[in-house]
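Protein chains in written order, with the working numbering: chain A, 90 to 436; chain B, 90 to 436.
FYI, nobody ran anything at the bench for these hints, they're computed from the structure.
All C-beta atoms in this analysis are idealised placements derived from N, C-alpha and C, irrespective of residue type, glycine included.
Treat the hints with care, as some may be off.
Chain A regions said to be covered by chain B (calculated; three or more residues, Cβ under 8 Å) [to be verified]: (1) 124-132; (2) 407-420.
Capping the alpha-carbon separation at 30 Å, the derived lysine-lysine pairs in DSS-like fashion look like this [said to hold, decoys possible]: (3) Lys229(B) x Lys228(A); (4) Lys311(B) x Lys367(A); (5) Lys228(A) x Lys174(B).
Label-pair ranges, simulated between beta-carbon atoms [as the list claims (entries may be wrong)]: (6) Glu340(B) x Thr212(A): 32 to 42 Å; (7) Glu263(B) x Arg186(A): 47 to 57 Å; (8) Thr212(A) x His106(B): 50 to 60 Å; (9) Pro123(A) x Ser344(B): 32 to 42 Å; (10) Gly392(A) x Lys367(B): 43 to 53 Å; (11) Asn364(A) x Lys229(B): 46 to 56 Å; (12) Ser344(B) x Arg142(A): 37 to 47 Å; (13) Ala419(B) x His106(A): 35 to 45 Å; (14) Tyr360(B) x Leu397(A): 46 to 56 Å; (15) Glu416(B) x Lys287(A): 49 to 59 Å; (16) Ser145(A) x Glu263(B): 29 to 39 Å; (17) Gly393(B) x Arg294(A): 44 to 54 Å; (18) Lys228(A) x Asp163(B): 18 to 28 Å.
There are 2 protein chains.
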Amino acid sequence: MSEHPVTVAVDAMGGDHGPSVTVPAALEFLARHPRARVVLVGREAELTAALARSVSGARDRASVHHAGEVVGMDEPPAEALRRKKDSSMRVAINLVRDGEAQACVSAGNTGALMAIARFVLKTLPGVDRPAIASQLPTKKGVATVLDLGANVNCTPQQLLQFAVMGAALASAVERVERPTVGLLNVGEEEIKGNEAVKQAGELLRASGLNFYGNVEGDDIYKGTTDVVVCDGFVGNVMLKSSEGLAQMLYEFLRSEFTRGPLTKLSALVAYPVLNAFKRRVDPRRYNGATLLGLRGVVVKSHGGTDALGFRQAITKAHAEVTEGVLERIAQRMATMPGAHAPASADA
Amino acid sequence: MSEHPVTVAVDAMGGDHGPSVTVPAALEFLARHPRARVVLVGREAELTAALARSVSGARDRASVHHAGEVVGMDEPPAEALRRKKDSSMRVAINLVRDGEAQACVSAGNTGALMAIARFVLKTLPGVDRPAIASQLPTKKGVATVLDLGANVNCTPQQLLQFAVMGAALASAVERVERPTVGLLNVGEEEIKGNEAVKQAGELLRASGLNFYGNVEGDDIYKGTTDVVVCDGFVGNVMLKSSEGLAQMLYEFLRSEFTRGPLTKLSALVAYPVLNAFKRRVDPRRYNGATLLGLRGVVVKSHGGTDALGFRQAITKAHAEVTEGVLERIAQRMATMPGAHAPASADA
């Protein structure tokens, strides 16, 4: 654990709801972390007023840093990078670069966040491209899965780098000493994966990581390994189809509970279970995807989340700093054979 | 609807349970389809004995065709293709080639089934490679999704062919006149899909199909389009992760129901809902993946299914014949521009 107080820079204007979510979330976070500090980045007058309305005792550990612009949720990343130099997102990331904060959290446009964070912070030594990592619930606990959408095409070396980064994240945040790593692949007998995946398997076997081998889609939720590595196209489809399925099943369950003759009685029994189910698949509980591989901790919150979800994302960023995720990645990367091989296949 | 009685060749030895599942399933199917016929392919003595034990009135529409070998569930497809010329799987497919049956159903080794079916039956004109298609439940009904694992790497032309085949299947079996087709892609702003997907989008826009555009993972279960097209790597991961998630949620739900003080009362309310949930995610209900693009109807049943699930697969094969899926594919393929362009990227 770091002994220094941690400051988190919060893009207070990002996301679907802006300060009405980010400010209460930041204060709730501070109330739970008595040594932490938050810098709220965005329109000063608006943020100062929002803080002034709060009665939180943690208010004195929150400061405001002005930024006059906001990156739009649908703004092309390249444009946000080039034109919005005074956006709340960019200024929050600048604070991390300048050492005024140790982590940054934003609920804004993912593509823009990735582009700006990569440009401003740069990647860690040995990392070609950052990946998006998140924890998914499993039968046994959680699995750290990456890449969830940053890189459509990945070289075998990049998949190895993801494995190194994912293992560092899992060992830091989930406190697994030697996390097992699975390579997401297909199970049909005729097909043993594409070339990149096959070569990544060879690199992983030689890597010194605790490599389990290939895993299939269902292994993610079985909790077969602590870390699951895949390219961003596959990861994104997997994550979104899972979200869609969970949502469909929740709605199905709710409608099943509210029909039939036992309605009143049902309600008594049903609501706790329905609520438990909802919590189980609630994206807020798992809110906060890490942009992994940068020279700084950057956490992306879901754009539509509420204060509970956004607080979750700040908490995650804070934990990644106190548990030394960046140092762990750098350390593992330095001793990794094969991770720095041929240039990226990415556009 | 075809006016001719349909004969389905059943690989009676395939799957985890063999004749103890396939024979009762075939008889149940026949009882529900009074004009249909089934040929049970496998070890004659065993199958004749199984039939003799049955009291089904449909027994006289089931015949036995001997085949002395069985393809193992883990046997390499190339080996099964080369060495097991008298396997129940191969002989069942031969019956389709020879016109003695109009469709074949097997719960055996998927890779071997694909390899043998492709070798024996060949693909339809204009189809480079067959795909695995299946119906998944959605909020609105079902979506026909392909490829679910036959082709790891796909050219844009192959993705277009999958769209043509999927639309033909949906229009035949789901009776949607002009099925909407979605191209599975990633939604993050920075990434607009890999090259093959981008080019497939262009081909689809020019195809005359009812092309909706790109869809994301959650659109599958939202029921955004009738057909969803993707390569076999992505499709396989999506399908298996969905199965894993549904299974995890079912187990979670069951354990939630059986704790707390209201246990007896809970049971009254809970069991119907739990059962409804199980039915909803029950793979047996959707059992039967179609090997699409061959000169013959071939349906793959899940290896571990029971008689209900296997009957479902036979019923699906039967429907594909009576609804003229092959004719619809051939017809659409003949008028399709761009579907026959550069050679396959597949290994």
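The hints, checked one at a time:
1. With 0 residues bearing a CB less than 8 Å from a CB of chain B, the region 124-132 of chain A misses the requirement of three and the coverage assertion fails.
2. Counting residues of the region 407-420 of chain A whose CB lies closer than 8 Å to any CB of chain B gives 0, so the stated coverage by that chain is violated, three being the minimum.
3. With a C-alpha separation of about 29 Å, the suggested pairing of Lys229(B) with Lys228(A) holds against the 30 Å cut-off.
4. Between the alpha carbons of Lys311(B) and Lys367(A) the distance comes to roughly 18 Å, so the proposed pair stays at or under 30 Å and holds.
5. Annotation: proposed proximity of Lys228(A) to Lys174(B) is violated, straight-line Cα distance about 43 Å (limit 30 Å).
6. For Glu340(B) and Thr212(A), the Cβ-Cβ distance of about 40 Å falls inside the hinted range of 32 to 42 Å, so the restraint holds.
7. At about 54 Å, the beta-carbon gap between Glu263(B) and Arg186(A) stays in the expected band of 47 to 57 Å.
8. A beta carbon spacing of about 52 Å between Thr212(A) and His106(B) agrees with the range 50 to 60 Å that was offered as a hint.
9. Between Pro123(A) and Ser344(B) the Cβ separation comes to about 36 Å, which falls inside the hinted range of 32 to 42 Å.
10. For Gly392(A) paired with Lys367(B), a C-beta distance near 34 Å fails the hint of 43 to 53 Å.
11. For the pair Asn364(A) and Lys229(B), the beta carbons lie near 26 Å from each other, so the given range of 46 to 56 Å is not met.
12. The hint said 37 to 47 Å for the Cβ distance between Ser344(B) and Arg142(A), and at roughly 43 Å that hint holds.
13. Against the hinted window of 35 to 45 Å, the Cβ-Cβ separation of Ala419(B) and His106(A) comes to about 53 Å, which falls outside the hint.
14. Between Tyr360(B) and Leu397(A) the beta carbon distance is about 33 Å. The supplied range of 46 to 56 Å is therefore violated.
15. Distance hint check: the CB atoms of Glu416(B) and Lys287(A) are about 39 Å apart, inconsistent with the given range 49 to 59 Å.
16. Here the CB-CB span from Ser145(A) to Glu263(B) is close to 55 Å, at odds with the stated 29 to 39 Å.
17. Our hint of 44 to 54 Å for Gly393(B) and Arg294(A) is violated, since their Cβ atoms are close to 30 Å apart.
18. About 25 Å separates the C-beta atoms of Lys228(A) and Asp163(B), a value consistent with the hinted range of 18 to 28 Å.
Checked against the numbered hints given earlier, this structure breaks hints 1, 2, 5, 10, 11, 13, 14, 15, 16, 17; the rest are met.
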